[in-house]
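Peer 1: Chains as they are written, first to last, in our numbering: chain A, 1 to 239; chain B, 1 to 239.
Everything labelled a hint here was simulated from the structure, so no lab data went into it.
Do not rely on the hints blindly, as some may be mistaken.
Covered stretches of chain A, going by a simulated chain B footprint (3 or more residues, C-beta under 8 Å) [unchecked claim]:
| id | stretch |
| --- | --- |
| 1 | 70-77 |
| 2 | 181-190 |
From the structure, some residues in chain A lie toward chain B, with a derived Cβ separation under 10 Å [claimed, not checked]:
| id | residue |
| --- | --- |
| 3 | Ala21 |
| 4 | Ile93 |
| 5 | Glu157 |
Over the 10 Å line for every Cβ pair with chain A, so calculated as not near, a few chain B residues [said to hold, decoys possible]:
| id | residue |
| --- | --- |
| 6 | His41 |
| 7 | Tyr55 |
| 8 | Asn64 |
| 9 | Ile93 |
| 10 | Asn102 |
| 11 | Ile104 |
| 12 | Asp120 |
| 13 | Asp135 |
| 14 | Arg137 |
| 15 | Lys146 |
| 16 | Gly155 |
| 17 | Gly160 |
| 18 | Asp186 |
| 19 | Glu197 |
| 20 | Thr222 |
We put the CB at the ideal spot given by N, CA and C, even for glycine.
There are 2 protein chains.
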Amino acid sequence: MHQTKAVLLLSGGLDSSTLLALAVKEGYAVNALSFRYGQRHDAELAASQTIAKQYEVVQHMIMNIDLRAFGGSALTSSVPVPLDRPVDDNTTIPITYVPARNTIFLSFALAWAEVLGANDIFIGVNSLDYSGYPDCRPEFIDAFEKMAHLATRAGVEGGGELKIRTPLIDMTKSEIIRLGLDLGVDYGLTMSCYKPEPGSLACGRCDACQLRLRGFMEAGATDPARYASGPARATGVSV
Amino acid sequence: MHQTKAVLLLSGGLDSSTLLALAVKEGYAVNALSFRYGQRHDAELAASQTIAKQYEVVQHMIMNIDLRAFGGSALTSSVPVPLDRPVDDNTTIPITYVPARNTIFLSFALAWAEVLGANDIFIGVNSLDYSGYPDCRPEFIDAFEKMAHLATRAGVEGGGELKIRTPLIDMTKSEIIRLGLDLGVDYGLTMSCYKPEPGSLACGRCDACQLRLRGFMEAGATDPARYASGPARATGVSV
């Protein structure tokens, strides 16, 4: 069977792992792209490798880029990751925002897609991230897609239009989890935590852990991930 | 004096060196950004360091990114760089095109600009490159600028609009050279060649050398760069 080639941004977290399961289900030949970008831990990269292998992607590439050189984020500098923060406070952009990260990630995906002759780039942005990060919003994705078409050979020579695929963009975290469970995703392999403890144990307290735990609760499911403090609970949600 | 901060993409070639001289003349506090991206030689990076130092930029950062992992270009793979090619043949995109390179470079510049609080990004694209490379065209730059605004804090929180500054975009190579000579640029320090020979001698035969040599000829000036084969001449131009 001739499969449609795609490039997929895989962080090893819950969203991008669900995205991978979905793209594979839809029949894409997936080339997965991850980044060692100066994040403070390698746990999510280890997760991305396990998941890429499980889904038998065509290739899994890990690019090294040092966003620590710029700083400006709790994920790439010594600024503390906020813990136990009310995750519904979306009035300001969180300090975990990494400036232009998705722009950079999508730009590399674009380069690879052009070399591979792929017209589809998958990225697991969704409406929950959207609430805080500028580069998870639909209007950003639309603008990137327009720019990407003009940036490449197809914009001059004609040919396939590049599409940025964001099937999770309008879904809540619990809807993503339900979709993933239907697709058979093993969420025990995924790593969402911004600040895991030794042994790749999720902290249960950073924004990413809280959103994830609340998502599982709302989905009526149990998170199989291993947490540092036993059965973790989402802040501010009665159980 | 409070200066306006800018990020400037500096390759060490003729165009970006002229661009730097112009931005400094206009009073910008320049943060120069160069890339070790897997190009086959370090001569242009060495040139960028010399030039950045001469113009006393605020900072000069060299980012390491490995575009060889993707391949797809004579500049980042073992595909030969074309020599003695008629440089007016603009019917196809040259094999020296590096997929999505300017998109990637501008994305890093965007990240740095956001961290620095700079609203101006300078890139030395011009109409000659435009003839061959999709990501040197004005419509690409416009689309990138729109995307960039949506990608960053300013797109959510308001504040300064990011501008991609391309003062050379409508100039011919000879006009750029005349501008640079007026600004006092020492073109002997710059390196344009795609395939320099040992000792950082320009080959005089690749597209970049030919366009440069023709530009100097049309500007009525002598190129002070050192060429491998003595006084080099642009192909197809009577002297």
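Peer 1: Would you list, in rising numerical order, the hints stated earlier that this structure does not obey?
Peer 2: 2, 3, 8, 9, 10, 11, 13, 14, 15, 16
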